[in-house]
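Whenever a hint applies, use it, and build me the whole structure from the sequences.
For the protein sequence lines, the chains are D and G, in the order given.
For the first sequence, the numbering used here gives the first residue as 9, with consecutive numbering after it.
For the second sequence, the numbering used here gives the first residue as 118, with consecutive numbering after it.
One should not assume that every hint holds.
Derived DMTMM-like pairs (lysine to aspartate or glutamate); straight-line CA-CA distance at most 20 Å [stated by the list, open to error]:
(1) D:LYS335 x G:GLU325
(2) G:LYS285 x D:GLU494
(3) D:LYS335 x G:GLU287
(4) G:LYS713 x D:ASP306
(5) D:LYS449 x G:GLU287
(6) D:LYS335 x G:ASP190
(7) D:LYS388 x G:GLU287
(8) D:LYS449 x G:GLU704
(9) D:LYS335 x G:GLU339
(10) G:LYS193 x G:GLU345
(11) G:LYS193 x D:GLU494
(12) D:LYS449 x G:GLU709
(13) G:LYS285 x D:GLU459
(14) G:LYS720 x D:GLU494
(15) G:LYS720 x D:GLU378
(16) G:LYS285 x D:GLU462
(17) G:LYS725 x D:GLU494
Listing some non-contacts, in silico: residues in chain D with all C-beta distances to chain G over 10 Å [claimed, not checked]:
(18) THR61
(19) THR67
(20) ALA208
(21) GLU334
(22) VAL480
Here are some chain D residues pointing at chain G (derived, C-beta under 8 Å) [as the list claims (entries may be wrong)]:
(23) TYR296
(24) PHE453
(25) ALA490
Simulated from the structure, these hints should not be mistaken for lab results.
Glycine included, every Cβ here is placed at the ideal spot set by N, Cα and C.
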Amino acid sequence: MLSSYPILSTLVWLPIIGGLLVLFAGRNNDAVAKWLSLAVAVVTFILSIPLWTDFDTTTSAMQFEEKVVWIPMFNIYYHLAVDGLSMPLVLLTTFTQVLVIASAWDVIKERVEQYMGAFLIMGGIMVGVFVALDSILFYIFWEALLIPMFIVIGKWGGPRRVYATMKFFLYTFFGSVFMLISFIYMYYQSGSFAILDFQAMQLGMTVQILIFLAFLIAFAVKIPMFPVHTWLPDAHVEAPTAGSVVLAAIMLKMGGYGFVRFSLPITPDASMTLDWLVIGLSLIAIVYIGIVAMVQSDMKKLVAYSSISHMGFVTLGMFVLYDILEKTGSLQGAQVGMEGAMVQMISHGFISGAMFLAIGVLYDRMHTREISAYSGVVNKMPWFVFFAVLFSMANVGLPGTSGFVGEFMVIISSFKANLWFGTLAALTLVIGAAYTLWMVKRVYFGPITNENVEQLTDLNKREFAIMAILAVAVVGLGVYPAPIMEVMHTSVANLLVQATTSKL
Amino acid sequence: MLHTILIVILLAPLVGSLVAGLFGRQVGRKGAHYSTITGVAISMVLAAYVFVEFVLKGAEAYNASLYTWLVSDGVKFELGFMIDELSATMMLVVTFVSLMVHIYTIGYMDHDEDYAHDNPYYQRFFSYISLFTFSMLSLVMANNFLQLFFGWEAVGLVSYLLIGFYMKRESAIQANLKAFLVNRVGDFGFILGIALVFVYFNTMDYNEFFAQLASNKDVMIEVFPGVEWSMITLMLILLFIGAMGKSAQMPLHVWLPESMEGPTPISALIHAATMVTAGIFMVARLSPAFELSEAALSFVLVIGALTAFMMGLLGLIQNDIKRVVAYSTLSQLGYMTAAMGASAYAAGMFHVLTHAFFKALLFLAAGSVIIAMHHIQDIRQMGGMRKYMPITYAAMLIGSLALIGFPGFSGFFSKDSILMSVDASERFGATFSYTLLLMGVFITAFYSFRMFFLVFHGEESEYVKTHDIKESPWVVTVPLVLLAIPAAVMGLPLIEGMFSGEYFGNSLFILPANDVMLSLFEHHYHGVVNMIVHSFMTLPVLLALSGVFLAWLMYIKMPSLPGKLKSMCPRGYYVLDNAYGFDRLNEIVFVEGGQKLGRFFTKSVDSKLIDIGMVTNTFMAVANSAAALRQSQTGLMYHYAFVMIFGLLAMLVWTLW
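This is the structure we're talking about:
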């Protein structure tokens, strides 16, 4: 381990402290607030790169570990570390953070320091969620994230922001209470709040099922899964662009991460018994939500539903292993699904972020997200449409973009589990293309029918840079996904062992 | 060395495309067409070298990996090359036709009034056709299913971009959306086929896949409880559904006629010569697998024959010059597919080759006519154009003769080998298919020459009389000449190798019992001259000639006849005019049905059932029961949470200090 300093603590606290600093130093001085925020975000991202370059891919053990006693009375530790499952998500977070700060640059004109500060703090907290290995610490980060997001939507949001924030808050808060109860129960059984101890402890079937359901509620709300998904479109519609980006690119991933860090390793027997529930809900997400997405008239809603649909691949890929095991007697092929799910999370982070940023670019100019208000944008903004169509194609899962990798892996793996799982999942090829490209057709192509569109100007340098960086990420991951897969292999293999080792 | 050459062949068009596409403004119009043409020309020259090595000199097949895309669960997903007679031939055809189209485009886009002087459009167009060339090359050069799918989708993307090239035009952007979605329906089957390959063969590599075919031959899978199907058959039919999308076989053909919304050079390159043959190519490439399933081959055969016949019929009533050629493409694709189904892979691929040349020729000649007519495409407004456009006239004549299979022309040899093979096949559905294909020959001849006579012969139309009709510039006519030569004569040197199986060598695999072509070769083939002479007494050629005669009779001799016929059987005309109602059906079931379902889900399930029913009511119940508390709490909830969580964080910091 090359890093002699506590790298994970730095990634958590640097943006949080930086965010607080921005709040004070940037008051009444927007330029300071902006540049300071950007500097903090960029430095955080640069500091996170060694996580990848110094990562030991040969072990599934936790790396970059930091462990200090925190509350000895309850045996609670300040324990941070990453493995192949969380490390890519940490990098996704620090990467997205930079784009988020840049995206708000000229757009936010009021209380800039609060806006920027909130996003920096959010960034630190999200890293915390992915690196915390003590369940109480995890829970604190998990809930703490709601506050800055709540503020961002509540203060800078659209006209129905009060409704949206309440819905958002109640849903997610409601979901995670059950998770906390499970943690406390397991603490009483094991005497420890350490996640790794939870993973190692024996649990009876009834208890496992209860814990599994408690986790499911918490994570299903976050991802979100049908039928607890309706908060997401509302939150997206009301959230400012950067809020939507964080929500889609990172917050949804916390739910997916929850399944691989908690549900599968802690309650493997219950996961095996109830895998049909998750698979069923995932397939509903892919097909049903896809059809719902098709008829949305608001661009953000459409992309929000598309997010839910794509997250269906994450949960599907994570839970097909039991059917593969049952049907073929071996786990051959299950790793493809699990790794597909993991890479789908990263890819969706890029693509959904890019889609929301693209909508933001239009919204900043036209102040409407109604599809019908647009037509023929390409005539005025060719570069913008170039990127927007690229990201749309990635959303459609075109090979050569990151969107293909995860979808493809999950489809072939779920086909191994059950012909019909794969068949239903593959319907996304048609449905996803239908809702995405129909929007593309109506918004970007066609004749100009609205005089406001006539006034549009193409991307400025800042917007161009953001789009170009994301385009490189989307195409890079699509053309050469091997490196990111390599990081995950050992941890995913270990996860599959954990998920199939009975705890009864 | 060879590896490097292959990489250059693949990447040269991509580089050209990126230069023209990303730096269009900097390099200007000239820069765009020079960079792309250079890229494709390099590709073509090297592809010619590869062709000489592998086809003429018969080098061993070359199979090598380019790079590992990813590894998961021990399965390697790679990109790589498989070069043999089959791919080397396709590489040369693709790059040659592409080069001709590149050159032709200089002339065509110059006359394209919509965008002629709006700078970036011109560069973008060149960028797209080069990008297409790259994608198509990666498809044909692939040594594995993954890359096949990459190329497959990439050509679909470029096709989408090019059909919608005139992006201000509603009909164009409607057509490209439709093309993409219909192709996606095919890809839905295709990806499931690939998934079956993954599940049962644990590899994406063609050779590893072929090696395991024998041991997987009898695997059955339970599709529904109690219903078992042969895995191989299911896999092949799923893969073929992909081919039906890309190669526009019924009922997934609906996108191709509308793809004519794209500029004409593209119709020639993508929607006639190359991309649409990808499905045929795929079947040929996977011949070792298709040979194992009689059921799948019968399916392929019948679908192909139905497409050949029914799409040909639609060609009879088209009045848009490009649509006539488009329906003839559909019909010819049916012939190629039917050949695959009869295990006559070589005949099908032969037709792919000849068709690439004569159909590209026909399209580019049609484009030349369109240029002369100032972008009017209705053949009823043309007539008597022969004397104004001698080169185009000759090109169109050669193309049409090749298309109808006039003895000696390239299309004659390829089409006749298909017909003979299907006739000789004993596969289920072969007789039925042969009948359809024979009728198709008559129809093809009729509609081809109907168009030919209407455009070039007869009286000069009002438009032709009053406008200055002139031959196109050299950038247009030179490609016509260069394409006309192979379209006329390329059948002569190839026919023997095709029949004997020598041409494609080991790149195609046919079970001895299925090899109708070889048995025809051994028993009925007596040289090229004999084949030509003998053909004048065979049914196909007689049918073709009578088709031409009837067209002459109806459109030159007695021009009032067509109108009478139309009024005599209005019902038949109605059916054809609506293209058998496929579009209407799709519109009602998928477009409107999908939207209705979506609205129902949104309004009734998401809003009413979940939001109002489940969530709001629950919250309201909780809220009401705590009405007293609520008063003091609502506005403060966020503060409580804030205090709580930051308190915890503060504690964390404090205890760690």
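A quick look at each hint next to the structure:
no., hint, verdict
1, D:LYS335 x G:GLU325, "24 Å, violated"
2, G:LYS285 x D:GLU494, "45 Å, violated"
3, D:LYS335 x G:GLU287, "50 Å, violated"
4, G:LYS713 x D:ASP306, "17 Å, holds"
5, D:LYS449 x G:GLU287, "9 Å, holds"
6, D:LYS335 x G:ASP190, "17 Å, holds"
7, D:LYS388 x G:GLU287, "17 Å, holds"
8, D:LYS449 x G:GLU704, "17 Å, holds"
9, D:LYS335 x G:GLU339, "12 Å, holds"
10, G:LYS193 x G:GLU345, "30 Å, violated"
11, G:LYS193 x D:GLU494, "12 Å, holds"
12, D:LYS449 x G:GLU709, "17 Å, holds"
13, G:LYS285 x D:GLU459, "15 Å, holds"
14, G:LYS720 x D:GLU494, "44 Å, violated"
15, G:LYS720 x D:GLU378, "18 Å, holds"
16, G:LYS285 x D:GLU462, "14 Å, holds"
17, G:LYS725 x D:GLU494, "45 Å, violated"
18, THR61, "20 Å, holds"
19, THR67, "18 Å, holds"
20, ALA208, "25 Å, holds"
21, GLU334, "14 Å, holds"
22, VAL480, "13 Å, holds"
23, TYR296, "6 Å, holds"
24, PHE453, "4 Å, holds"
25, ALA490, "4 Å, holds"
Checked against the numbered hints listed earlier, the structure breaks hints 1, 2, 3, 10, 14 and 17; every other hint is satisfied.
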